[in-house]
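Enquirer: The residues making up each chain are set out below.
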Amino acid sequence: MDNRKVILSVKDLVIKFRLRGQILTAIREASLDLYEGESLAIVGESGSGKSVFTKSFMGLLDANGWIDSGNIMFEGEDLAQYKSEKDWLKIRGKKIAMVFQDPMTSLNPLKTIGKQVQEAIELHQGIKGEEAKKLTIQYLSDVGIHDPEKRYNQYPHEFSGGMRQRVVIAIAVACNPKILICDEPTTALDVTIQAQILELLKGLKEKYNLTTIYITHDLGVVANVADRIAVMYAGDIIEIGLCEEVFYNPQHPYTWALLSSLPQLGVKGQELFTIKGTPPNLFYDIKGDAFAPRNPRALKIDFVKRPPYFQVSPTHKAKTWLLDPRAPKVEPPESIRALRQQWEVESNG
Amino acid sequence: MDKRSKEILLEVKNLRVEFGKRRKKFVAVDDVSFHIYKGETFGLVGESGSGKTTIGRAIIRLVEPAAGEIIFDGKKINGNIDKELDKEVTRRIQMIFQDPMASLNERAKVEYIVSEGLYNLKNYKTDEERKAKVEKAMLDVGLLPEFLSRFPHEFSGGQRQRIGVARAIVMEPDLIIADEPISALDVSIRAQVLNLMADLQKRKGLTYLFIAHDLSVVRFITDRVAVIYKGKIVELAETERLYQNPLHPYTRALFSAIPIPDPKLERSKNLEVYDPNCHFDYDEDPPKWIEIEPEHFVLANKRELEGYKKILEKNGVQVLI
Numbered sequence: 003m004d005n006r007k008v009i010l011s012v013k014d015l016v017i018k019f020r021l022r023g024q025i026l027t028a029i030r031e032a033s034l035d036l037y038e039g040e041s042l043a044i045v046g047e048s049g050s051g052k053s054v055f056t057k058s059f060m061g062l063l064d065a066n067g068w069i070d071s072g073n074i075m076f077e078g079e080d081l082a083q084y085k086s087e088k089d090w091l092k093i094r095g096k097k098i099a100m101v102f103q104d105p106m107t108s109l110n111p112l113k114t115i116g117k118q119v120q121e122a123i124e125l126h127q128g129i130k131g132e133e134a135k136k137l138t139i140q141y142l143s144d145v146g147i148h149d150p151e152k153r154y155n156q157y158p159h160e161f162s163g164g165m166r167q168r169v170v171i172a173i174a175v176a177c178n179p180k181i182l183i184c185d186e187p188t189t190a191l192d193v194t195i196q197a198q199i200l201e202l203l204k205g206l207k208e209k210y211n212l213t214t215i216y217i218t219h220d221l222g223v224v225a226n227v228a229d230r231i232a233v234m235y236a237g238d239i240i241e242i243g244l245c246e247e248v249f250y251n252p253q254h255p256y257t258w259a260l261l262s263s264l265p266q267l268g269v270k271g272q273e274l275f276t277i278k279g280t281p282p283n284l285f286y287d288i289k290g291d292a293f294a295p296r297n298p299r300a301l302k303i304d305f306v307k308r309p310p311y312f313q314v315s316p317t318h319k320a321k322t323w324l325l326d327p328r329a330p331k332v333e334p335p336e337s338i339r340a341l342r343q344q345w346e347v348e349s350n351g
Numbered sequence: 031m032d033k034r035s036k037e038i039l040l041e042v043k044n045l046r047v048e049f050g051k052r053r054k055k056f057v058a059v060d061d062v063s064f065h066i067y068k069g070e071t072f073g074l075v076g077e078s079g080s081g082k083t084t085i086g087r088a089i090i091r092l093v094e095p096a097a098g099e100i101i102f103d104g105k106k107i108n109g110n111i112d113k114e115l116d117k118e119v120t121r122r123i124q125m126i127f128q129d130p131m132a133s134l135n136e137r138a139k140v141e142y143i144v145s146e147g148l149y150n151l152k153n154y155k156t157d158e159e160r161k162a163k164v165e166k167a168m169l170d171v172g173l174l175p176e177f178l179s180r181f182p183h184e185f186s187g188g189q190r191q192r193i194g195v196a197r198a199i200v201m202e203p204d205l206i207i208a209d210e211p212i213s214a215l216d217v218s219i220r221a222q223v224l225n226l227m228a229d230l231q232k233r234k235g236l237t238y239l240f241i242a243h244d245l246s247v248v249r250f251i252t253d254r255v256a257v258i259y260k261g262k263i264v265e266l267a268e269t270e271r272l273y274q275n276p277l278h279p280y281t282r283a284l285f286s287a288i289p290i291p292d293p294k295l296e297r298s299k300n301l302e303v304y305d306p307n308c309h310f311d312y313d314e315d316p317p318k319w320i321e322i323e324p325e326h327f328v329l330a331n332k333r334e335l336e337g338y339k340k341i342l343e344k345n346g347v348q349v350l351i
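In order, the protein sequences belong to chains Y and A.
Position 17 of the first sequence, counting from 1, maps to 19 under my numbering, and the rest follow consecutively.
Position 8 of the second sequence, counting from 1, maps to 38 under my numbering, and the rest follow consecutively.
Hints in this document: simulated from the structure, not taken from any laboratory.
Where is the CB? At the ideal position from N, CA and C, for every residue including glycine.
Take the hints with a grain of salt, since some may be wrong.
To be verified - If you anchor each label on the Cβ, the simulated ranges turn out as follows: (1) A:Leu169 - Y:Lys92: 53 to 59 Å; (2) A:Asp129 - Y:Gln156: 54 to 60 Å; (3) Y:Lys88 - A:Val57: 36 to 42 Å; (4) Y:Val269 - A:Asn135: 33 to 39 Å; (5) A:Arg180 - Y:Trp90: 37 to 43 Å; (6) Y:Gln156 - A:Ala97: 47 to 53 Å.
Required output: the full structure, derived from the provided sequences and hints.
Expert: Here it is as structure tokens:
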């Protein structure tokens, strides 16, 4: 992965929000290198900051939020310094586009499907009139909409949920972006439709040479689409690595807990593993490892000092003191040990 | 499977639910029959619009069936029933809803929310008795009785869903219809709610009708599953039997589409697509509801049955027909 080009580089990003007179730190010095052409999945629970983190790449933070410090380097410019809408319009859609969760609400019900896609083409690719229409029909057929000439003149209410999501994707891709951010792209859809949309997104990524970021809490979707996985907790990326590394050789206790609580790893008739407690209150300063209070295996230092990244492999790192050479050996839960053993056997044989 | 006695608690016979009138008529549930044993967890899976929620709503009598019977503990509960039975059924069948952010009254305190069913049925003698019941329900779901004086917005998603469970069990029901009870929750909270439901089932001998589209959760929690497609049950079996040998092409498509949280398995799986045209000969050879192996039913015609038999025999399963 080292020889690949970094397309977007986030360094020590801090994002704060003002809420009811108090200040909340949603992103706490998070860093990320996004490689060109990769597919990165950001996983985490609600409130972990995964949406806020990616929204900041497009200047889509709510009005009460701001980038407090840190950089977002993209094509030689620091997006964290952008202030005006005019600046953002150079990036938003054109360079970085987004597919939102709910296709019911992200389309304009009063405009035809064709007009909405064509609008994006005219605005971002500078092509007008008949030619833009031709291109629109091309994009509609690319996203798997049958009979695009006829569908061009139809309104969103004439489309099913899955078809609407295809239109939303067509609009995003029609902007000809470098990076496509998919925020829970299939959560609102049925499983059979979900599978089709994921296939579509993977196909488009190849065809248009996109770098994709998936934001999701569904680890099944992650297993399907991701080259790399970043695990977010309390506003920071606490573990990042290749898909297999994070699934089969997780290092951070939070990642262990997240994977162990999946029903697939549970034994029928027995209790499922659960994470005790609740995520930390982001209105307060967090001392040490943010997950420590919920971690039965926490070390003393976890409550005192925030762990840095420890490298597990050239492509895999995690922020946990357990990886420090001086740390006592702490075994992960049984289900995780089993995964790891199986993986070691398979990768050696 | 030992926890299940073979006593039937709920029986649904040829249920049909229609919406709209005459030309705009839409059949949401079409000739659906199944039964639920006492103490088991029965899963109903299908996609949105398949009618799974409508079945749940028909059982709890929020929608009136166009035809068919719903029999609860030996008594017919749909249509005109007397007041006593109405009250009894209202108490004994309870429901847990999907989104704990939307299903709790924002302007009422938790005490009122949990007590509301009791108030409606007046099945307590003194106010102390009601309070005692409510506090016990809170403890049962792992919440402190102190929380009763708070409002729903003061709770996290997982705690809210516990409140949703508390207001169901405070009625001391026999059957709980859980309609997508964990779909709106985060992964780690899902596990908590599933554990809570399993624990309550053990302690109180509850029976669950678990309606969901998340098939991995269904596999984990249910004893038997019915797969519903466009208002019709196409396959029904003991959970493990069904997951090992799904037969109906719709079931197979549905199962193959579930994302597996394991990159190797997920990427090597074979995605199947359901094409309703595969039942092209249903006009001359209509499908029947057939028990193909013990406790495994499938909707199939003669031609399809031959194919299913071959699949089962290949996998070393004894075929009944």
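Enquirer: Which hints from the list above does the structure break, by number from lowest to highest?
Expert: Violated: hints 2, 3 and 6.
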